[in-house]
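Asker: Here are the chains, one letter per residue:
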Amino acid sequence: MKRIFQLGIAALVSVTMTESVMAQIGSPFIHDPATIAECDGKYYTWGTGGSGLVSEDGWVWTSGERIPNVGAAPDMLKIGDRYLLAYSTTGGGLGGGHAGSIVTCWGKTLDPKSPDYGFPAAADRATVAHSENDEDCDAIDAGLIMTPEGRLFVTFGTYFGFIRVCELDPATGERLEGFGEDINIAVDCEATTMIYHDGYYYLLGTHGTCCDGVNSTYNIICGRSTSPTGPFIDNVGRDMVEGGGKMVLGCRDGYTGAGHFGRFIIEDGVEKMSFHWEADYYQSGRSTLAILPIVWRNGWPEAGYNVKPGVYEIESERRGYALELATEYVRLGGGRGMFGGGGGANTVVEFQKLEDVIGGWPTGNIGIRVCDYQFRPNQKWELVPMEEGTLGAPYYKIIIAGTNRALAATADRELTSVPEFTGADEQLWRVDQLTDGTYRIMPKAVPGCKDELCIKSMGDSNASLAKFDFNDVNCKWNFRQY
Amino acid sequence: MNRNIKSLLAVALTVAICGCSGSGSKVDPSRLANRNVDFDQYFTELKADAAPAKPDEKGFIRRWTILEPINKPNSGNTVFTDSYIERELTKEYFPGMLTATPEAGTEVIIESEAASASRGRGGFGGFGGFGGGAPQGGAQAGAARPAGAPAAGAAPQGAQRPQGAPAQGAQRPQGAPAGAPQGAPQGGFPGMGMGMGMGMPGAGAAPAAPATIKDTLTWHSVDSKLFNIKLIRFAQGTSNGQKRYGLIFHAYTIINVDKDYEDIRLAAGSNASSIWWVNGEKVLTLQADRRMVADDGMSKRVTLKKGRNVIHAAVINGPGMSDMCARLYSEDGTIFTNYTITNK
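Heads up: the sequence lines are chains A and B, in that order.
Counting from 1, one number per residue, gives the positions in the first sequence under the working numbering.
Counting from 1, one number per residue, gives the positions in the second sequence under the working numbering.
Think of the hints as simulated: they come from the structure by calculation, not from any bench.
A couple of the hints might just be wrong.
Said to hold, decoys possible - In silico EDC-like links for lysine to aspartate or glutamate, alpha-carbon gap of 16 Å or less:
no.	chain 1	residue 1	chain 2	residue 2
1	B	K306	B	D258
2	A	K246	B	D295
3	B	K26	A	E181
4	B	K225	B	D38
5	A	K78	A	D169
6	A	K108	A	E38
7	B	K300	B	E331
8	A	K246	B	D296
9	A	K444	A	D425
What the hints assert, rightly or not - Cβ pair distances, simulated, as ranges:
no.	chain 1	residue 1	chain 2	residue 2	range
10	A	D253	B	D49	53 to 59 Å
11	A	A122	B	D38	32 to 38 Å
12	B	D38	A	E177	29 to 35 Å
13	A	D356	B	M298	54 to 60 Å
14	B	D82	A	R480	38 to 44 Å
15	A	R297	B	D38	40 to 46 Å
16	A	I266	B	E331	43 to 49 Å
17	A	Y281	B	R308	50 to 56 Å
18	A	G254	B	M298	30 to 36 Å
19	A	D472	B	E331	45 to 51 Å
Unchecked claim - A few chain B residues that don't get close to chain A, going by computed Cβ distances all over 10 Å:
no.	residue
20	T44
21	E86
22	F94
23	K225
24	K300
Remember, it's a predicted structure, so these values are computed and weren't measured experimentally.
Note that CB positions come from ideal geometry on N, CA and C, so glycine has one too.
Chain A with its partners taken away, still in its complex shape:
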């Protein structure tokens, strides 16, 4: 009975901890979130109806200021020192009429406490596109993109017919004078937006069933084009006006219905996608804001992974060696020795256990090095998410499994392990999956240092702290479980 109880508690903790890296914490309840925007050190997003969320760190989200007179599914884009808001007024959706309008307006700040905060009255906002009551388009779900050449486009539409694009004047946010008819670029999807990557424009949209709670099948798909006006082709050569689309993200255990993609580039090689889960099983099946890494694989975006709580090898991308405590190497007994010779029945060789070796470890700080992985106790790191973080990911404490010995940054910009985790900033680690699928590992703070640093391979067998460079393989790590 007691064991069953313990197992139950363990399972509950495991579920809760897993959940804590899959969705934002706080009260992140929203539907159709706008692309996340940063203003004066805070992050903001708004959903349908103008409902707002705000976050100090990008991980813990709470209800924020509603933007008045905003209809469905707003999007936000910072242009210069202003913020362009686009949203839609709509006539009723699936079972009703399909007259809609895409409306834009500017704001100077997103901070409701700022004296500069405010958006024009509804009558003073620009209508940049529309759909009539029964045409093959429903002009909702605006998505904004500024191209590398400085051209501004908005995509819009929903399941009723075509997704369309038109060009806006980036100076005014109004429809570009002389732009002709809207252009059909996809069909029967929702919540589109466009992003640019490596010579291609990618049209992201949502397929599947929306608004059906835990039964929703919402999923984010994409196609790509060399032009912002299409045609957008998927990975099997299908045009998105024929319904094509390669999946970016659908469902993950406990979370269903990914939709309404937005992209946030932190820096070269570090990108995040914001979206909503139609239903978060761990929060009453409510619709929640989620932020995950973007991984580019073979030229296509995919939703990446925050590191789940658990025990890992931390493997260098440089050589494939493992981060470890610099402790005395303790040889294992047993085994067949060379060439697998000898007869008799097979037996299981016992793994080296923590209690076999910990007594020989120093009790104070222990240095860090990089070495062949042999699944020894000094190489097994447990990652535990904290209740604070950065955009889209929590901070972790990184401890040797079975102990409270924690990885830490030192004032001389090196690595060490401290015997007890205290929660100090130099013991909190930001772990971002990079666009190539590897990870960077950064301390929240380095004592006496203002720079943001990451763990970097020094040769094959050592590691230190240094500035991050996405093009430097030494800055990249993998988390392995076997």
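Following the hints, complete the assembly by docking chain B onto the known chain A.
Answerer: Showing chain B alone in chain A's frame:
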């Protein structure tokens, strides 16, 4: 004509030729928004003995003979479970319906559910709606028929009752206008607000048996002007806008080949669920609420026999867009186009 005017004319001509929008990029004119939803924007209606056609350049089959849609007034699409689809789309409203190839213009009188604007309104289940304001009313008048086309549902001249159509009780409902079912127009589901997948009938109280009507429906042969068949526009155009949502569509096309072809696959997409038959054999089901995607599903291998082969499709949708598309693939994954398409 001065130089400036010449320049303007040149720009205008360029726009006209290449469909340039203000973006300055070349845009296929067929991709420019067309807000006209008249029937003839989507279809060319054919006589029963239309000359054979070929699949389009991407292999899509654009010629279909479609029965005016059957009422199935679902106000949401969440009911489209596997068993529901099987039950509703394999139902024969007259004997041999799934293999029959009635000529264009043939009338059939069937019994179907009366259209209703009030059943099964469903809800959002938690996030309280989008707050976008009250719906701006239901659908407007639907796609208009092309000039000179027969009135919706009216028997074209020379139309005959198809073989196998029910003889007993086959009649127009009393007082109903020709071609229009009894009950409220299906222009929309007022009050549903936004959102997809809504409308699961409320649990608890047993639903009342739906009222039924006798509905006179006509088969129409069409060539689609698009790669896909915009069933919603077909419905509106053949019903004077009375039919739009909550419908079942049955359609067939005839594939003519000069010899037997083995290992052919039918690839199809539909909004929403559909079942597809080749020569009377059910070969593909696209279950659940879904959007039309080219090659969404692909059938098992089938043999096209020398001569005439019949593909039959049944598609159901509640509210929202309804359309379908289909083409054939060879075993090597290439699109199969070595056939003609007829409607008889």
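Asker: Are the hints correct? Go through all of them and say.
Answerer: Against the structure, the hints:
Note on K306 (chain B) and D258 (chain B): the hinted pairing holds, with a Cα-Cα distance of about 5 Å set against a maximum of 16 Å. About 13 Å separates the Cα atoms of K246 (chain A) and D295 (chain B), which keeps this hinted pair within 16 Å; it holds. Between K26 (chain B) and E181 (chain A) the CA atoms are separated by roughly 13 Å; this keeps the pair inside 16 Å, and the hint holds. The straight-line distance between the Cα atoms of K225 (chain B) and D38 (chain B) is roughly 12 Å, inside the 16 Å bound, and the hint therefore holds.
Between the alpha carbons of K78 (chain A) and D169 (chain A) the distance comes to roughly 14 Å, so the proposed pair stays at or under 16 Å and holds. The hinted pair formed by K108 (chain A) and E38 (chain A) meets the criterion: a straight-line CA distance of about 12 Å does not exceed 16 Å. For the proposed pair K300 (chain B) and E331 (chain B), the alpha carbon gap of about 11 Å is at most 16 Å, so the pair holds. For the suggested pair K246 (chain A) and D296 (chain B), the alpha carbons sit about 12 Å apart, so the restraint of at most 16 Å is met.
Of the supplied pair hints, the one linking K444 (chain A) and D425 (chain A) holds, its CA atoms being roughly 5 Å apart against a limit of 16 Å. Between D253 (chain A) and D49 (chain B) the beta carbons are some 58 Å apart, a value that agrees with the proposed interval 53 to 59 Å. In this structure the supplied range 32 to 38 Å holds for A122 (chain A) paired with D38 (chain B), their Cβ-Cβ distance being about 34 Å. Between D38 (chain B) and E177 (chain A) the Cβ separation comes to about 30 Å, which falls inside the hinted range of 29 to 35 Å.
With their beta carbons about 57 Å apart, D356 (chain A) and M298 (chain B) fall inside the hinted range of 54 to 60 Å. Taken as a hint, the range 38 to 44 Å holds for the pair D82 (chain B) and R480 (chain A), whose Cβ atoms sit roughly 40 Å apart. Roughly 45 Å separates the CB atoms of R297 (chain A) and D38 (chain B), a value that falls within the hinted 40 to 46 Å. The hinted window of 43 to 49 Å between I266 (chain A) and E331 (chain B) holds, with their beta carbons roughly 48 Å apart.
Checked against the given bound of 50 to 56 Å, the beta carbons of Y281 (chain A) and R308 (chain B), roughly 52 Å apart, stay inside it. Range check, G254 (chain A) to M298 (chain B): Cβ separation about 32 Å, and the 30 to 36 Å hint holds. D472 (chain A) and E331 (chain B) have their C-beta atoms about 49 Å apart, which keeps the hinted 45 to 51 Å range intact. Every C-beta of chain A lies more than 10 Å from that of T44 (chain B), the closest at about 18 Å, which supports listing it as non-interface.
Listed as outside the interface, E86 (chain B) is consistent with that label: its C-beta sits roughly 19 Å from the nearest C-beta of chain A, beyond the 10 Å cut-off. Once the 10 Å rule is applied to beta carbons, F94 (chain B) is consistent with being away from chain A; the minimum gap is 30 Å. The Cβ of K225 (chain B) sits about 12 Å from the closest Cβ of chain A, beyond the 10 Å cut-off, so the non-interface label holds. Against chain A, the non-interface label of K300 (chain B) holds: every CB pair exceeds 10 Å, the least being about 20 Å.
In the structure shown, no violation is registered for any of the earlier numbered hints.
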